[in-house]
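Residues per chain are reported as follows:
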Amino acid sequence: MKQQDNALETKALNLYYGSAQALIDVDIQIPKNQVTALIGPSGCGKSTLLRCFNRMNDLIPDCTISGSILYHGEEITGRSTDVVELRKRIGMVFQQPNPFPKSIYENVIYGPKVHGVRDRKQLDEIAEKSLKGAAIWEEVRERLHDAARGLSGGQQQRLCIARTLSVGPDIILMDEPCSALDPIATAKIENLITELKDEYTVVIVTHNMQQAARVSDYTGFMYMGRLIEFDSTPVIFEKPKEELTENYITGRFG
Amino acid sequence: MKDHYHKELEAYQVSVGGYSRFAITMLRDAFDAFSSLDRELACEIAGGMENFCIQTDEPAMHQEIRVPRKVFLSLRSDQLEEQGLKLIALHQPVAYDLRTISCCMNLISSAERIGRYGKDICHCTYKLPEGIHIRGMARLPEMAEGALSMLEDSLHAFQTRDLSILEGFSSRDDVIDELRYLIYEDCISIMEEDPRTIPYCATYLLVDRYLERCADHACKTAEKIHYMITGERVDIR
Ligand SMILES: Nc1ncnc2c1ncn2[C@@H]1O[C@H](COP(=O)(O)OP(=O)(O)O)[C@@H](O)[C@H]1O
Ligand SMILES: [Mg+2]
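So the protein lines, in turn, are chains A and B. Take any residue in the first sequence, note its place counting from 1, add 329, and you have its number in our numbering. Take any residue in the second sequence, note its place counting from 1, add 7, and you have its number in our numbering.
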């Protein structure tokens, strides 16, 4: 059988914050150019797992891991991994849109500039391509030099996605990207996520199960640090195999 | 502790089970009306022959207005379907809950079909003279019992979620199919022997067909119940 093309994979991944274990023997495979959703009750470890993928947990003191994490088959837990490069390849979008207090344009080209791009024409191209990729170009093209914070919440979130795209990633991690948005802004982001998978692999953490059902191809259900079930999204929502999953998604929990 | 939505979902299943029970009883009574050529009972089920079958000495304005069961059958089917759609629209059910509502929807439309076959059997009753049947109605009583017991059992499995009740459904359906063919052959030869039997045998052939369809509904319902409970598809017939 042909092996599935995985963008990310963990094997026997365990993670501790000090002595508290937050991930327990997680084996997950994130298929390339697909949208994978992680669902589960608060505190089950979704954000923690997401942060493992681009080594954001390195920033947390006392956080230790064992097991392996593979990015396109390559181990990324070791010292030799270039974390700056890794975070260029694996971008992250957070719950609260967090544009810098600068213009829309400056926000988008911030990353490329940090990584050494100086040519104005090239920066303009990157800005346009990224803003188009994040489906916000038409809304901001006439006011690229206005303050980013003057945008609506949904626009700010798409600007943050554009900022992530500007450094040329192939994986985009999203941690509850719509939690702070109204339904219309949410629908726009969801639509964008579906478009992004032509070029990118997307992993999204969401506490909104309907959202997971709408946007994702695969869904992983986590509970108390473990990945309980992982399957194609229609299977998870129509006939999950594990009773825990069933109870959670049907709202029969606790 | 169950939340409001899950209580509503359970109540919905009870209502759908009740509707299914109503339809099965309608079929059973229709067959009884046919067996005893009881036009009044047939009329109470299927309507359409009121002038002909309801006799009363009461002056017209004191007569009780009786709505035939077929009217309730069709109104209730729409009501229940709408309730199911409302549950889906308001709660976006998933997994077992979703499969349950889907199964309920199937049960509703099957029940309506079954009730309507009952109505059709009543119409056959009107076509025959009052009195008695010929040749013990071929083997129709046996066939009716077989089909009705399958319907009863599928409803029971739905209500108890006990799949073991559905074991043997495909061989029970084979028996029905075989009977259907035997009755068909019998009727042909009876009619050949004596053309005066034609009005009887012609209705027997219709009822034969209706009952076979009812058993088929029982099998299809059984498949849906199996899917509701396990999430796996099976092919019963
Ligand atoms: N920086 C941290 N330091 C210590 N414990 C943390 C930290 N972040 C998360 N945790 C703990 O790890 C567990 C998983 O948290 P998290 O990954 O944020 O869950 P989720 O995203 O599913 O809500 C929780 O018990 C949480 O309290
Ligand atoms: Mg989180």
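Honestly, I wouldn't trust all of these hints.
Below, a list of computed lysine-lysine pairs in the DSS-like style, where the Cα atoms sit at most 30 Å apart [unchecked claim]:
{"#": "1", "chain 1": "A", "residue 1": "Lys450", "chain 2": "A", "residue 2": "Lys431"}
{"#": "2", "chain 1": "A", "residue 1": "Lys570", "chain 2": "B", "residue 2": "Lys134"}
{"#": "3", "chain 1": "B", "residue 1": "Lys14", "chain 2": "A", "residue 2": "Lys568"}
{"#": "4", "chain 1": "B", "residue 1": "Lys93", "chain 2": "A", "residue 2": "Lys517"}
{"#": "5", "chain 1": "A", "residue 1": "Lys570", "chain 2": "B", "residue 2": "Lys93"}
None of these hints come from the bench; they were simulated from the model.
Checked hints:
{"no.": "1", "hint": "Lys450(A) x Lys431(A)", "verdict": "20 Å, holds"}
{"no.": "2", "hint": "Lys570(A) x Lys134(B)", "verdict": "54 Å, violated"}
{"no.": "3", "hint": "Lys14(B) x Lys568(A)", "verdict": "21 Å, holds"}
{"no.": "4", "hint": "Lys93(B) x Lys517(A)", "verdict": "26 Å, holds"}
{"no.": "5", "hint": "Lys570(A) x Lys93(B)", "verdict": "27 Å, holds"}
Checked against the numbered hints above, the structure breaks only hint 2 and satisfies the rest.
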